[in-house]
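**Q** Please assemble the complex out of the two chains, which come individually in their own frames, going by the hints.
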Amino acid sequence: MFPSTSYNVGSLIKFTIRKDRIRIPLWLIGIIFFTVLIPVALDDMFPTQEERDVMAETMANPAMTAMVGPGDIENYTIGAMTTHNMLLFTAVVVGLMSILLVIRHTRTEEEDGLSELILALPVGRLANLNATLFVLTVTHIILALISGFSLYALGLDSMDLEGSLLYGAVLGGTGIFFTGIAAVSAQISESSRGATGLSIAALLLAYFIRAIGDVSNETLSLFSPLGLVTRTEAYSTNVWWPVLLLAGFSALLFLLANYLNAIRDWGAAFLHARAGKTYASRFLQTPIGLFFRTQRTAFISWGIGMFVLGLSYGSIMGDLESFFQGNELLEQMLVAEEGYSLTEQFIPALMIVMGILATVPPIIAMNKLIGEEKKNRTESILAAPVSRGKLMASNLAIAVMNGFIMISLSGIGLFLAAETVMEDGFSFGMIYGASLVFYPAMLVMISFSAFLIGFAPKLTGLIWVYVVFSFITNYLGGLLDFPAWVEKLSPFGYIPSLPVENMEWAPIVMLSLIAIILAILGFIGYQKRDIAG
Amino acid sequence: MSVVEVRNLYKKFGKFHALNGVDLTLNQGEIYGFIGPNGAGKSTTIRILLGILKASGGRASIFGKDTWKDAVEIHKRLAYVPGDVNLWPNLTGGEVIDLFVGLRGGDTKRKREELLERFALDPSKKCRTYSKGNRQKVALVAAFASDPELFIFDEPTSGLDPLMEQVFQEYVQEAKDAGKTVLLSSHILSEVEKLCDRVGIIRQGEIIESGTLSELRHLTRTNLLVETKKLIPLIGEVKGIHNVGEDGQTLSFQVDAEELDSVIRHVSQYGILKLESAPPTLEDLFMRHYEHKQETNTGGNS
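Chains A and B supply the protein sequences, listed in that same order. Under the working numbering, the first residue of the first sequence carries the number 2, and numbering increases by one thereafter. Under the working numbering, the first residue of the second sequence carries the number -6, and numbering increases by one thereafter.
Bound-form chain B, shown alone (with noise of 0.2 Å):
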């Protein structure tokens, strides 16, 4: 059952055009990574999706209700972490959690102790003294004491430590074992990696891959490391062979997933002593869409 639902999305301001027809499907209880660089439209999505901007066309439903003119009725059962969380100066860290809480319905104080031990936050100290990564801890707590069915975290570790990073990820399985849906927008690829079930990279206000990362890394490049008896000639002239580095006798390369087999063919004749592969890690696959960017970009001298 799919929790969010959005089609061929467009969103304008002005002239520009921040979204183009984005597709996203959000299925009960996953992880769904939203990555992509700054400016591609994410941010936009995700306020559509809150209701709090207005589509220029097509289609976004949340728990099968419009995000526009279902807002509140949607946001009784989600929680939103924005990356830059900008809170009321002159209230605590305490109140505001309260707040939050409160405004969704939910009973705070069973989750809430608990969330601030883990996190480290004195609720007591005004918002005017908290730095980012604090601020960002206030939304955290506040999202997971109310205990929503669905989560929307906009880069929502920009400011934490290694520490509390762990202990958000830690919070987001927990709410994934309880069956909740969660889309993670992030920088951070190896937290994504780490917590996403399925991912979309967006750019330019598209949608350019989405699917589970090993789908995704069946559409891209392997990464060998091999050794020969022989020296292996030009070896970047082979097709499929990418960014070639040679070390003595050992090379390392990546391989077009569809390359694969007549790569490892050509290179078998010269003697395999070491063969080493490795799965692209999913900077590898945003690199690669982001080189490819820059090519069509650039006129391709990468």
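Bound-form chain A, shown alone (with noise of 0.2 Å):
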């Protein structure tokens, strides 16, 4: 029985379904893809209890700790380092996963007019709303599910069914919880950006209020559903009352949405938008200006996460150093390379990390151009005298800057961090020039977006299926064991180890060469085809 609010949610139900048929299927594979496919690659790394609590040493830090949550160091099994590594970081992906669907099923289509229509039929005022709800409920119950009986399956000594079901649950919870945060963001915010940066601002909340509880106090913890997430210890003494409090909170959450959007008016909110500005500075007036304007926030953000990210990188560094000291049996395994510091060795691990994640906001800045055209924006920038050239050196200009920055602002973060806690620090020139090298790399990639952009503007998303196939090949893999040639299929597999390695110009100066070449046939292209609008 449904009150008249809810008229015909069924219906909406299956069009909500049908509208995300694909989408939210690709979300549960690539989560649970991962999910499985961690326990199986640390079963591989760390055959043995003694290696185990090598890497559990290595992990019983506070910088780690802030990171990942606590785990259970004592009784570092498959299940419990799965738990530890791999449990948070999924919970918050899930937690993301949850926060695009629900915002773009409703303040999205609410500020499109989309959901003008549906009201306008006979369905009830808040079906909408309750249909996103009840799909997204239903698809976190999925995920626990499956998620839960693909980890036992996995049939690992460590990972019974309780804990595997306990561990699909958390993630499921999660996502209950986060459906219910952005149901509520979503009644708040005027725009559906507002409603997305307000359910994301949350889950950063959670997590750093989390990070700091557990380096300090156990009870802040309690206060952040990504601290019941940890304290769930699935694996370990495997606790269900944080799931139940979790799926209580998000039906508090859901009553809640329903009252925001029962005493609303259709495309109010509750937080309004400032009155801007009436003129546009000097700046605005250039295709350059405007590029940057458009992107000034994401910019800002992924500058924001690239320094923190370098920050919480060279925060573990000063507690390995320790560390490694003190453990024989690690630095006997350790040491390869000659002259160079165990924690020195370390370094280009994370540098590709951050190098590959820094590729990220420059290529996103190079296809605003393609996602401009998609919108039929380009067209009045066109039909102004602006030449096509101009548009699109423009555009790459933001995006070779933009990687400059964010490579360098992870470096300096890392150095930054890695001073205050290492007794013996780095010299800056060495952990600057180490993330710099991945400069040349970054180039080839956005380059390799402009020529997309030129040539196949239909797929231009191909750029992303190398991103993720760099990542895969030269950070993973070691621990996947591909042959050699595939890391070079990648930039990022011709790029120095520094420290590690000498730093060799060749490459460099290749890359860079290629880099080039790729930016002007981008040009080339761009200046002969259509543009779509």
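By construction, these hints were calculated from the structure, which means they are not laboratory data. Careful: at least some of the hints might be erroneous.
Heads up, incomplete: computed chain A residues facing chain B, CB under 10 Å, no partners named [unchecked claim]:
(1) 290
(2) 295
(3) 345
Here are some, though not all, of the chain B residues that point toward chain A, as calculated from beta-carbon distances under 8 Å [to be verified]:
(4) 68
(5) 88
(6) 91
(7) 151
Cβ atoms here follow ideal geometry from the backbone N, Cα and C, with glycine treated the same way.
**A** And the structure:
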């Protein structure tokens, strides 16, 4: 029985599923794939308890606890290791999935005027919200069950049925909780961007409260849904009450979202946008100014993100140092290169992650050009006396600067954090050089985007496949035992591993040349083809 | 002097022929109405004129310059308003107006305030909050504020209310008085009829009719309303008479221009009490071509 405000919710549920019949399965497949892949990889990397205990000691420091939460260090089985390393991150990804999907179906549809069409039909005022909540809840229950049973199906000793089901249930519970958060944000905020921002801010806040709590005050962590996630201790003590608590809070959030939706007008919100500027600045009246302005927020957020990533990597350096010194076994295991400290040997592995991550924002910036075209906004610019060459050059310049700033910020972050935690810090030049050495590979990726925009505007999404491919082959490559040539299919495979390897200029020059050639080809293609809009 | 010259323009999208030899001439200082049903090729033609699409064949020039090669030079002297205006959601309307005018290198302040007031647009709102009509106003204010030599409008009033349509028409008239040239593609035939000096009708990628309104009218039918003493028998059978409507003694019908003389002779035999004639509206012209198209498509069951 539904009240009249949810009339026809059943049809809308079907409609919601129809709209997301590709998107939801893709999210589920991705999340479950990684959930299952990690314990297998861990089992491969740390086959004996001895090796796992070594790993446990590396992880047992405040910086790691702040990043991944507390773990069962005493009894570091594959199961406990998986929970410690992956559960929190996966939960954050699941939360993100909820936020993006919920806002898409609620505030975005309202903003675009789509829900106006729906509401003009015999449909209850709250039916769309509840259809979305229902579909997302079922999705997360499915996620919980499939990931739980697949983890169990791996047949690893330490991963029993209860622990596996709990692991899945925590993921599902987090998903449902953030479904609620996003549903409430969608009522509060006037725009879909605002609602997404508000929800993600809540997610980040939950993460940081937990980080602070885990390091300093355990009770504080209980106030964060992500703190509850790590309290389940799946595969160790298997605590179920945090899942129930998450479910309870989710129900409250669902009710709150319904209440807020019921008392507001269609299209209205509780937070209002301020009046904007009446005049444009001089800078905005140029293509480069326009492109910069339209992606300023993304640029700043990514910048902060890259800096924080650098800081967090840098913050584990001090602990590594002291830990390596006290452990003979590990010292024997890791000494491969003469003349470099163990911590220094650790750096290239961190840098490759930062390098590839720092490639994402400049590619987003470059692809803005095709995004604008798809939204029929380039025609307005090209109808003004702006040449295609200038338009693309403005965009490319922004992407190239963006990439430089991103990789620099992560390098500087790493240096600053390492400097404060280490007794005998690194030289700035060494760290900054080790990060900046990735810049030519990043330029190749950016130029490849420009090339696709010029020659294959329908295939610009391919660049993301290439980014993921680069990450898998170069970062996980050693772990997954790929042959060496596979790594060379990505520009990142040619970057010397500073500071352990010597600097080599030949690949740097080659990559830069390739970047320039790809960019020129992109320009040629862009000058010649039809612009869609 | 012609401002826009289009000769035998072709455009293919894959196998689809969007334009099949379009010819178009705009003379300095005239308002040219470009009409045709959806999908006939109006926007494709305009986008080729803007150098956004590349013609598959034929020639298009504005101010004597090639629309593809000299796009930037041409664009310094023209303003374009699309039918579906897409703007950056996080910029305000005022910022977008300044951007467009600034890119064209014009001075915005002078006419801007007046236009904003006449079009009743709040420039401090973010574009994401604007309705379709308000987004169109942003583009129109930017176009009129930049004071170009040529205006290209692609269904510019499709989201405007009648009052704003009136304001738009006044500014177009003002532009014409100042010697500007205007290409106006529109669905609103009354607007075209009111504003345009010459009209071109495009159908399936071809201009099937073009000329001044009176030239076009000459080619087509006149609406007649007659009341006669005696009933006219079998009026529908008379050569050149179409669409007969009967209301007692009063008949209304359309007459082909070339048969007008013989029809009047024929009708006058029955003793005319009242005779009213009206020139065909643009809608009549348009519908005639449209009907013709249906006839050819369906084998003539109109």
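**Q** For each hint, tell me whether it holds in the structure or not.
**A** Hint check:
no., hint, in the structure
1, 290, "holds (8 Å)"
2, 295, "holds (5 Å)"
3, 345, "violated (44 Å)"
4, 68, "holds (4 Å)"
5, 88, "holds (4 Å)"
6, 91, "holds (3 Å)"
7, 151, "violated (15 Å)"
In this structure, the hints that do not hold are numbers 3, 7, in rising order.
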